[in-house]
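Protein chains: 2
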Amino acid sequence: MKTLQLNTIFLAILTAGCFNQREIAKQQISDPVFPKGEKITSNNFVGQAWLQVLMAADSLNPASVGSVTFEPGARTNWHLHPGGQILLVLDGVGYYQEKGSPKRILHKGDAVKCPPDKEHWHGASKDQPFVQVAITNTKEGPTVWLQKVSDEEYHSGDSD
Amino acid sequence: MKTLQLNTIFLAILTAGCFNQREIAKQQISDPVFPKGEKITSNNFVGQAWLQVLMAADSLNPASVGSVTFEPGARTNWHLHPGGQILLVLDGVGYYQEKGSPKRILHKGDAVKCPPDKEHWHGASKDQPFVQVAITNTKEGPTVWLQKVSDEEYHSGDSD
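If you read the sequences in order, they're chains U and W. Following the numbering used here from start to finish, the first sequence increments by one per residue and tops out at 166. Following the numbering used here from start to finish, the second sequence increments by one per residue and tops out at 166.
The set of hints was computed from the structure by calculation and includes no laboratory data. The structure presented is a predicted model; accordingly, all values stated were derived computationally and were not measured. There's no promise every hint is true.
For chains that are exact copies, the list does not tell them apart, and a pair is met inside one copy or across any two.
In the DMTMM-like style, the derived pairs of lysine to aspartate or glutamate whose C-alpha atoms are separated by at most 25 Å in a straight line are [said to hold, decoys possible]:
no., residue 1, residue 2
1, Lys42, Asp133
2, Lys42, Asp64
3, Lys114, Glu77
4, Lys124, Glu44
5, Lys132, Asp37
The whole structure should be built from the sequences, with the hints applied where relevant.
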């Protein structure tokens, strides 16, 4: 009888562990491809985000590549890239919006091309984190940072 | 007693399932970021590889981005990119070699910059698959394909 009880307790712990793993995965990024990197302290972001620089641009190859991890609710300010940018979504759920267009919801596996000089912002969804690789063409000049994304803009199109 | 037996069987199945998952992960890519895409039928590859195009280059942004999944043993031929290339390792274990340098072993989270016009090859390790995102600067012209990677080159530096 004692064996049965111990067995049941062990089974309960194991099962709970499995379900907890799944639950946590919605709020945290488990087994990320790249390290989270350094906390971003720039005023060009709202909320908490981290940057892992993966490759710097040089005189021969203008691509600057980094992995950015946004906590739920964190986002960039509005900004533009004179040479354009490509975003690859590695994990989580995020938002991307170009000026004058509706906010898009991004999921793992999505890829977005942001045209040169197009005002836009991106970041995590309100409930889930977001991990993106940003590939920025630095050939035409550095990123131009603009105003903050208002709460109204951030929540635009939300159903709840 | 019957409950104890059923409980034990269920526990055994659950535990075996967990360990099997880990075992399979070494030979196959589980939960990939991007779809495997289309089988590569080009003679510029040896072994089986798949390409998922993520973003095409255009007149304003010269970066061409794709995810390539190599089966164990699969690799590119020697080749070069006139504008250079950046590789991001998403999963598995792979090899990268530049002409005149030793073969490097790549793991999830690694990033490699291949200089313009530098002869190189890349692919999966002999025992494990390999998933890479390739960011190619197409500004200076298309990839130039060269000779096959010999078995001697592929296995160079292997300890077994």
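Exercise. What hint numbers does the structure not satisfy?
Worked result: Checked against the structure, the only hint that fails is number 4, while the rest are satisfied.
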